[in-house]
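A.B. asks: Per full-length UniProt numbering, residue 1 is the first one in the sequence shown, and the count goes up by one each step.
Think of the hints as simulated: they come from the structure by calculation, not from any bench.
Just so you know, not all the hints are guaranteed correct.
[What the hints assert, rightly or not] With a cut-off of at most 25 Å between alpha-carbon atoms, the simulated DSS-like pairs for lysine-lysine come out as follows: (1) K63 - K53; (2) K77 - K60; (3) K63 - K47; (4) K63 - K77; (5) K47 - K60; (6) K77 - K47.
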Amino acid sequence: MDLDGDGYLSMYELEYFYDEQLQRMDAIGIECLPFEDCLCQMLDMIKPEVPGKISLQDLKRCKMTRIFFDTFFNLEKYLDHEQRDPFASQRDDDSEMSDWDRFASEEYDMLVVEEGGNDNQDDMIELSDS
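Given only the sequences and the hints, what does the whole structure look like? Please build it.
C.D. replies: Written as structure tokens, this is what we have:
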């Protein structure tokens with residue numbers, strides 16, 4: 001990924017690889033996350049020591065490096081990550097959830113149910129308009 005061999009992944013290099021993913025997503029008709037938003041997510045996740053440059057040490061320090069690489073190379077895994085339930089890993093843990101985590105999880109579940117219900121209502125409205 002370090003195309004210029006300087007020992008860091010620059011934002012330009014990340015954009016080069018993300019553009020490949022964008023082309024794959026466009027080809028199969030998937031709405032794409034703008035690079036700027038993806039970049040913010042990656043920088044928040046990796047937390048590089050040098051702003052704007054990601055080093056090998058930064059990647060080794062991060063516990064979610066696989067997600068970083070999936071974002072740029074493996075479309076299927078990237079999409080799985082983007083569509084997963086953000087609270088699933090916490091529910092699978094044996095540790096006790098905090099009150100806040102439990103509240104957030106319940107609110108998320110209710111939002112998903114409400115949105116699912118709205119989708120069905122939209123379908124019924126479209127059918128009755130025909």
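A.B. asks: Hint by hint, note whether the structure agrees.
C.D. replies: Right, here's what the structure says about each hint:
A hinted pair counts as satisfied when its Cα atoms are at most 25 Å apart, and K63 with K53 qualifies at roughly 18 Å. Restraint check for K77 and K60: the C-alpha separation of about 20 Å stays at or below 25 Å, so the hint holds. Of the supplied pair hints, the one linking K63 and K47 holds, its CA atoms being roughly 11 Å apart against a limit of 25 Å. At roughly 17 Å between alpha-carbon atoms, K63 and K77 fall within 25 Å of each other, so this suggested pair holds.
Between the alpha carbons of K47 and K60 the distance comes to roughly 11 Å, so the proposed pair stays at or under 25 Å and holds. Among the hinted pairs, K77 with K47 is consistent with the structure: their alpha-carbon atoms are about 22 Å apart, no more than 25 Å.
When the structure is compared with the earlier hints, no violation turns up for any of them.
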